[in-house]
Amino acid sequence: MRQTSERPAVDDSDVIDRSLRDPSAFAELFERHVGEIGRYVTRRVGPGVAEDIVGETFLVAFRRRAAYDRSRTNARPWLYGIATNVIRRHRRDEVRALKALQRTGADPVLADAGSFADQVDGRVSASATSRALAPVLAGLDAGQRDVLLLTAWADLTLDEVAEVLGIPPGTARSRLNRARTKIRSALEKKENRHG
Amino acid sequence: MDELATLSEMRSEVPDDVRYPAARQALLAEIAGRPSKARSRKVRRPVLLSGLLAGAVAASAVVAATTLGSGNSRHAPPAASASPSVRLVAVTSPMTLAFNAAALAKGSPTPQPTQWVYTRMMTTTSHDKPSGAQVQDPGTHQVKEKWDRVDFLKFASFEHGKLVFVNGMPSQIGGWPAELDYKYLQALPTDPDKLLAAIRHNLATVNTPLEGDGEAQVFEAVLALMENYPVLPSKLNAALYGALARTKSVRLGHVTDLAGRKVLSLYRTDAKSGIRTAILINPSTYTYAGQRSVVVADSRRTGNDGTLTLHKGALLADEAILTAAIVNNAGER
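Sequences listed follow chains S and C, in order.
Under the working numbering, the first residue of the first sequence is numbered 404, with each subsequent residue one higher.
Under the working numbering, the first residue of the second sequence is numbered 512, with each subsequent residue one higher.
Any given hint might turn out to be false.
Said to hold, decoys possible - Some residues of chain S that are not near chain C, with every Cβ distance over 10 Å (derived):
(1) Gly438
(2) Asp455
(3) Asp496
(4) Arg506
(5) Asp544
(6) Ala545
(7) Thr554
(8) Glu566
(9) Ser577
Unchecked claim - So, partial list: chain S residues that the calculated Cβ filter (under 10 Å) puts toward chain C:
(10) Arg447
(11) Glu459
(12) Asn488
(13) Ser533
(14) Leu568
(15) Thr584
Claimed, not checked - Label pairs and their calculated CB-CB ranges:
(16) C:Asn840 to S:Ser577: 28 to 34 Å
(17) S:Gly573 to C:Val838: 30 to 36 Å
(18) S:Ser577 to C:Leu539: 25 to 31 Å
To be clear, the hints were calculated from the coordinates, so they are not data collected in a lab.
Bear in mind the structure is a predicted one, so any value in this text is a computation, not a measurement.
All residues carry an ideal CB built from backbone N, CA and C; glycine is no exception.
Taking the hints into account, I'd like the entire structure generated from these sequences.
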């Protein structure tokens with residue numbers, strides 16, 4: 404789902420640099436990334452709390468902008484890292500929705516989505532695959548879930564994931580492998596049941 | 512089977528063009544320097560109701576180093592507290608106070624973001640409703656302890672004997688840039704004239720336009736920094752007194768604080784609000800020792816938060832810092 408937009412003439416580090424002198428310049432960074440960060444947050448916790456989490460993510464980013472490593476031209480991984488920290492405080496909401504999806508076959512994350520009902524055509528019942536994945540995601544420890552979803556949903560590379568989570572790349576790789584194994588075996592079990 | 516590709520389809524219906532207007536509003540408000548709602552540092556309001564209404568004092572204040580002894584001399588501090596080469600003068604004015612503070616100041620290490628600021632303080636209590644002026648009840652006192660992580664992302668305190676952590680976030684201190692941290696503080700000028708110019712520049716650009724001569728806002732900004740940054744670099748601390756001494760409206764006082772200690776004070780009476788606010792200072796170490804705010808003339812003011820009637824003699828804040836120190840772990844004293 405990575406957006407393959409061309410590299411803008413003014414990159415994120417320029418925007419952040421400018422915002423140190425003129426704070427209002429930071430609004431540009433919001434406009435650039437809110438759609439993508441918001442989508443990731445919503446997929447994890449649902450639209451109900453997404454607005455708050457997105458808000459806090461950008462507030463934290465704004466306040467920490469002086470510490471941004473300006474050799475990074477794209478602020479996307481940095482923003483995902485901040486969002487991940489904020490999401491952690493909503494772990495219970497996240498797991499509760501996954502368990503409900505497993506139990507009922509309806510995904511609260513999509514059902515709550517009054518705001519994007521048009522796009523989903525009122526379709527709230529999740530696919531059998533989603534339903535099979537839900538208990539695996541709910542059962543992962545938070546560190547594994549972060550690595551897995553930053554890889555699968557945010558399209559970060561393993562090195563980026565390691566960096567934004569502040570863990571060694573080897574740790575990120577082993578977490579991802581363990582999580583993938585669990586996902587694979589759940590999917591295989593489902594195939595066997597239906598095949 | 513590529514399980515990651517399968518997983519990436521899950522919830523892929525969620526669109527990527529939602530604009531999150533409330534999040535945008537919150538960011539724009541922050542950029543404009545308005546306080547946000549998360550538990551955070553004490554936010555002083557630009558309006559002079561600052562510190563009076565409950566919202567502004569909800570987060571507890573902090574500050575300064577070392578434990579004060581009692582029975583300190585009223586004027587020049589005891590020779591024992593100064594190294595032999597330091598010459599101190601009798602404290603007879605804000606300037607002489609600032610001179611002694613500068614003479615005693617040494618280089619201070621920069622705390623790490625994950626260290627903690629431990630504060631133990633004595634305050635009065637108030638029975639006022641949180642929505643009104645928080646007039647303090649004279650004669651009352653309580654001792655509070657807390658740990659704030661240096662990066663302000665976590666706070667801790669004891670509840671029923673158990674150390675409880677709360678997540679926080681750094682927020683802007685009135686009159687100072689958003690990227691305020693120890694690194695920034697270490698980089699501020701320690702020459703009082705330059706520091707005063709920097710404070711005025713911050714006030715004029717970051718936040719609120721200066722009102723009149725701007726001295727009320729300079730005083731507020733200095734106090735806000737001291738109460739939020741307990742263990743200030745000592746050279747900066749001295750320069751802040753020097754900057755205040757260079758304003759026309761700041762006076763020197765000798766008072767007994769809530770904990771019964773004799774302390775120095777730099778105070779300012781605001782003619783508009785009828786409030787006298789004092790920064791209390793340890794007469795031996797010249798570190799911030801607390802604050803006191805008293806109504807000296809009846810007033811009635813209308814601000815963003817409503818109308819506030821204040822009666823002469825009302826106590827608005829009385830805080831004595833008993834201990835403030837950088838520690839490695841929450842719960843450490």
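Status of each hint after checking the structure:
1. Gly438: violated (5 Å)
2. Asp455: violated (8 Å)
3. Asp496: At about 14 Å from chain C, Asp496 (chain S) clears the 10 Å cut-off, so the statement holds.
4. Arg506: Since the minimum Cβ distance to chain C is about 16 Å, Arg506 (chain S) lies beyond 10 Å and the statement holds.
5. Asp544: holds (17 Å)
6. Ala545: holds (15 Å)
7. Thr554: violated (7 Å)
8. Glu566: Holds, because the least Cβ-Cβ distance between Glu566 (chain S) and chain C comes to about 17 Å, which exceeds 10 Å.
9. Ser577: holds (16 Å)
10. Arg447: holds (9 Å)
11. Glu459: At about 7 Å, which falls below the 10 Å cut-off, the nearest Cβ of chain C leaves the hint on Glu459 (chain S) intact, so it holds.
12. Asn488: holds (9 Å)
13. Ser533: Nearest chain C Cβ about 5 Å off; hint holds.
14. Leu568: With a minimum Cβ separation of about 16 Å from chain C (threshold 10 Å), the hint on Leu568 (chain S) is violated.
15. Thr584: Since chain C brings a Cβ to about 9 Å from Thr584 (chain S), closer than 10 Å, the hint holds.
16. C:Asn840 to S:Ser577: 28 to 34 Å: holds (29 Å)
17. S:Gly573 to C:Val838: 30 to 36 Å: Cβ of Gly573 (chain S) to Cβ of Val838 (chain C): about 33 Å, so the range 30 to 36 Å holds.
18. S:Ser577 to C:Leu539: 25 to 31 Å: The hinted range 25 to 31 Å is violated for Ser577 (chain S) and Leu539 (chain C), with Cβ atoms some 42 Å apart.
Consistency with the previously given hints fails for numbers 1, 2, 7, 14 and 18, ordered from lowest to highest.
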